Structure formats: C-alpha cells, structure tokens
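Engineer: With these hints in hand, go ahead and build the complete structure from the sequences.
What follows is each chain in one-letter form.
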Amino acid sequence: MTNQPQPNSFRTGPDERGHFGIFGGRFVAETLMPLVLDLEQAYADARADPAFHAEMSSMMTHYIGRPSPLYFAERMTEHFGGAKIYFKREELNHTGAHKVNNVLGQILLARRMGKKRIIAETGAGQHGVATATLCARYGLECIVYMGEVDVARQQPNVFRMNMLGAKVVPVTSGTRTLKDAMNEALRDWVTNVADTFYCIGTVAGPHPYPAMVRDFQSVIGTETRDQMMAAEGRLPDSLVACIGGGSNAIGLFHPFLDDPEVEIYGVEAAGHGLDKLHAASLSGGRPGVLHGNRTYLLMNDDGQIQDAHSISAGLDYPGIGPEHSWLHDMGRVHYISATDEEALEAFQLCARLEGILPALEPAHALARVKDLAPAKPKDHLMVVNISGRGDKDIPQIAEILGARLS
Amino acid sequence: MTTRIEARFEKCRAEGRAALVTYVMAGDPDPETSLAILKSLPKAGADIVEFGLPFTDPMADGPAIQAAGLRALKVGQDTVKTLALVRRFRDEDAQTPVILMGYFNPIHTYGRDRFLVDAKAAGVDGLIVVDLPPEEDDELCLPALRAGLAFIRLATPTTDDKRLPAVLANTGGFVYYVSITGITGMATPDFGKVATAVERIKRHTPLPVVVGFGVKSGAHAAAVARGADGVVVGSALIDALKGTLDADDRATAGTVEAVTTLVKELSEGVRSVNKRAAA
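These protein sequence lines map, in sequence, to chains L and X.
FYI, the numbering used here numbers position 220 of the first sequence as 284, with every residue one higher than the one before it.
FYI, the numbering used here numbers position 122 of the second sequence as 129, with every residue one higher than the one before it.
Source of the hints: derived by calculation from the structure; they are not laboratory data.
This one's a predicted model, so the numbers in the text were calculated from it and none came from an experiment.
A few chain X positions that, by computed beta-carbon distances, are all more than 12 Å from chain L:
#1 Val-124
#2 Lys-249
#3 Val-280
Derived CB-CB ranges, DEER-like:
#4 X:Arg-119 with L:Glu-138: 50 to 56 Å
#5 L:Lys-434 with X:Arg-119: 40 to 46 Å
#6 L:Ser-121 with X:Ala-91: 56 to 62 Å
#7 L:Gln-68 with X:Arg-207: 42 to 48 Å
#8 L:Glu-212 with X:Asp-98: 41 to 47 Å
#9 X:Ala-91 with L:Arg-175: 52 to 58 Å
#10 L:Arg-201 with X:Arg-210: 43 to 49 Å
#11 L:Arg-175 with X:Thr-259: 53 to 59 Å
#12 X:Ala-101 with L:Asn-226: 58 to 64 Å
#13 X:Lys-169 with L:Glu-80: 14 to 20 Å
#14 X:His-211 with L:Arg-111: 31 to 37 Å
#15 L:Asp-109 with X:Lys-169: 14 to 20 Å
#16 X:Asp-197 with L:Asp-102: 21 to 27 Å
#17 L:Ala-439 with X:Lys-169: 53 to 59 Å
Cβ coordinates follow ideal geometry from the N, Cα and C atoms, glycine included.
Structural biologist: Below you can see the structure in the form of structure tokens.
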C-alpha cells in the first residue's frame, strides 16, 4: 500500500494503454474496441484544438454558469470550532451538479465526431439530466438507461429528463441499479456502433473515459486553486469530496495531487455500515475487472459482482474509477466512508446552518467533516465539494424522516 | 502434437461439412442437468462444446444468456464447480473439444495462473473471454497460450482489415466471427453477407472461421454452414432449455431432450451442406 515507490508526479497518468499503475485498461468486447480507439483519437485531436477549448470555455461561462463560487461556510466553521470550511459550490451549476462539466465536454466531442445519437447511464439521475440538457441544447437524440430501482427513488429527475426530450429506459436486469444501467448502455453501444456516442458519467469505463472525464471535471480543482489564492493567499490544507465512481472527487483532487502539503480525503458510501450492505469499493472491495477497467470492486470469492447499497443513488455502484484505486494504493489520497445515517444527519445540519440543501452524495463528504474539521487548527483551510443540490432527494428524504416521526 | 480442436476440424473437413459448435451455460439450471446436457451434445451432433462461465454482469450478452448465468449462480455455480463438471465430461469423452466462454473477472479472481493450470488439467481446450481484446493480451491470452490452451478471439463487423492482423495475431484453434454488431440472441444476421465476411477473415489467417450470433434453426445453420467452417449456436439452445423449466426454474423430465432435439436439427442443417462440392 503506502510503502510502494512513489512516482515523481501523481498527475501524469494514465499511460498510453490507459493504465494507472495496475488499474484502468480497455477490457471491452472486440465490437467496441475500434470505437474506443476512435474516441481516443478524437479526444486527442480535440485537446490540441484551441477552437474546442474556446467553445468549452464559452459554454462553461454562459450556459453552466462557471466559475462556481468558493464559499466560506461561516456557521458550519463556528459549529465545528476547528478548520475554516469552504464549500466549492458545484450545486449551483446549471442542472444542479458537477455532472454537466463532463457532459459538455463529451457532447462537444460527439458533435466533432458527427455522432447524432447519445446514450448514457444514470444512477441518481444527475448525469442523465445533464446529458438530456445538452442533447436538447444541441438537438441530439438522447437515450438514458436507469435502473428500475433508481427510477422509483429519483422521480423528479426522471420527469426532468422527459421534459428535456430524452427517452428514459428503466433497466430491469440484474440488481436494477447503476451497474446494470451501465451494462445496458454498453449493450446498446455494441448494437448501435455506427451513429452512437456513449456519454459515460463518471471516471470509469475503458480508456480513454477515466482520463477524459477527469480532464473535463478538473475545472473544479483548477478554479478552487485560483479562488483560494484570491481568498486566502495560499493553497487549501485539505480537500474533502464524496466518491461513487469518483468524478467530482477527482475533478477537485487532480490539480492538487502534486502539492504534498494538501491533505486529500475521499468519502465512500458505507451504506448500512462497512460490515453490512454498503457501496465502499476501496474500503470493502478487491481489485477486479468490470465495465472496461481494472479497479477495486465489491465482489464475492468467485468474482461475482455484489450488490452495492447506499441511500444515495449516485454512490450506489460496486466499483470506483481506476485512478482512485491507484491513488489509494499509492497512499496519496485517504479514502474514508460515511453511513446512510451520517449522511442524513449531515444533510439536515447543512440545511440549518448554511441554508443549503446538499444532495445526499456530498452529504457523505459533509458527514466526515464532522470529525475532520474539529481536529484541525482554526487556520486550517478545508474545501468540501458540494457536488450537487438536494432538490432531487427531497421526496426520498421526506419519506425517510416522515416514517421515523410516525 | 495435433490438438483436439485441430483434429475435430480435420474430421469435419474430411466429412466435407462445417462443424457445429454449441454453447450452454455451466450450472444452468443446476450442475447435474448441465452436465447431462453437455454429455448429450456430441451424441446429438455437436462437434465442439462451449461451456459458459456464469457472470453477474455479462455486458455482451442478451437476455437469454444473462438469465441463464443468473440461474446458475442462484444454485451456487462457480468457477471451481464448472471445472469439476468439465473434468467429469472429459472422463467419458476424450475427443470433443471443450471451450470455456465467459468474462475475465471470475478468472482474474480465481487467480489467472492457477486457473490456467486447473483448466488444462480438467481437459479444457480453449478459452473465449469476451472482454479481453488484443490490447489486453498480456492479461490472459499470452499466458493461456504458454499453458497450452487456445485463446479464441472474436472478430466482428467493426474489425476492419487494418485491425484484423492484431486480432488474429495470438488467436488459436479457430476464429469466432460475430455476425452482427450487437449482443447474443437478438438479431438474425443477413446470412448472405456472412460468407463475404468469412472470406475477408480467411485472407488473413489459415485458421477455421466459425460464425455465431443469431443462429436459431436448422435452416439458419445450413445457411451459415455454406460460407463458414463452423456454426455456433447458444441463445437458441438456452431458450429451448428455459422453455422446459418449472415455475421455480428447476429442470423437468424434458429439459435435456429439448436441447438435444434442437441440436439434432442444427446438426442436420449443418450436414445438409456439402462443403466438398463448394470447394
């Protein structure tokens, strides 16, 4: 683990075959391999094209509303009495979460590649909503695969996607959650290879997705550096973000990986507890191969993928992006976890102290701030990524809290 | 040394016909029934048998094979038990090639090197691992070749002439041409185009080329046999099996026979095409 030889830089991966150490790679069916290679080439071309960056930048400003604020959470800071807590307010982006940063990049890429049909998987529905939004904006066909269980617990987002003209396909195979939605999206892609672009919502899948999605999300960390320099004249001392697949986290972390003085914490979903049903792949899993990459997975002794559980549909995935697996093994990022119960408490605390309803996903990050912040001195600068807003979770939370009151 | 796979294709060539390759899932609907089916396949006319390694997330398979894998997992099938079934098959049948087909994670978890030793010892002849393209040859393909197992690769309509040499480079036994872009058991291909595709692949390799995906009947099998060295049938056999299960997905008296009846029909289809005349 942490006694592994340390690289000169944590920011140079992946290698040309998509590996972060032993993680990553391109474990896909032959039918998809030529498409994956085309995508890699198209992304390399786009990265080198100033026109692509100019269009991204313009849309980031005028459509998404970037930069998102870095906000001093004064009352939460007082409440915990330790670190000075800042929120990176990704929940203020158009569509209500960080997901749109990545979708914008991929949709602009799909347009360059001449693809007219966009498919996506979604868990909480935030990636689905972001994809439906940009497909509406650019007049593209949009099909979103969503586990039947998630369709039931994220009704507001299903409605939103329908309003935006997307077709939401409930997935009834397997455990009917995010991993099965991803299987189904891959089946669609393998069937409709000629005209379809698969817009993956997190830093997983075959290379180049983990690197590409990270690049698109790194705007979070890049802005945070500049904003913290402007606010405090120095870098933050610590970063905290929730992790399902890990795209909001890597987006915040990546620009800081080579600043060893910055402590980095990723918070996985511990569900009912790490000894019970949970979704913490690093804390409770082992390296395996699923959905195109090698990474830590929740699985049994026979390599069969196990059900993940989290109160948050967005974290309910039995894997994690391969770069996180590598950063975990290297010891650069500390991976910890928060239970359903702790996330619910943190959600309520944040609402009352800061007037912000966070999504249940970043509520996991806030739950660990409860231990991390009080242990730090008052001049310690801590950034928490508020990756999405909680509006989508209101019906679910109302039901849970209502049931408890009765 | 001639391998079982080479010997079997040689035999089919001598008989002037294409080979029939059948796929069933190990442990579906229970281990003993799946072994009884496996044993009955060569007698019903199968030349090569593929045995599916069950996996929870078979992302290149359609509903029939997904469900078959979940039925097998539900009754506790795993890789250890699948190898044990192959061993018992091999005790009675020293000639029919056995190919294990599945996804990488169960093999990765079993331990690659230990798996290769155990599979070889059980009498496995080759592997088809759907999620290992040539870009990942170091993972299993090259070690499998060193262990004396054929690594059978899928070629697809998206595998263009530029890519074919890479796909064929470390392929052994035969080449499996996937006749459609899609998942197993769904669309039926345009059989007229299959022969052209097989010819294209054959320009790059001396290996036999078999064709699968979408073959459901004796007539389909005959149509494919005209243009290919072998015909693969999977989902249709699993559909036949599923049709005999009771409400709790348990085997009934007719389960084995439903599969063998269809295999006989497919075998007749394959044997109705005289390849000598075509050659």
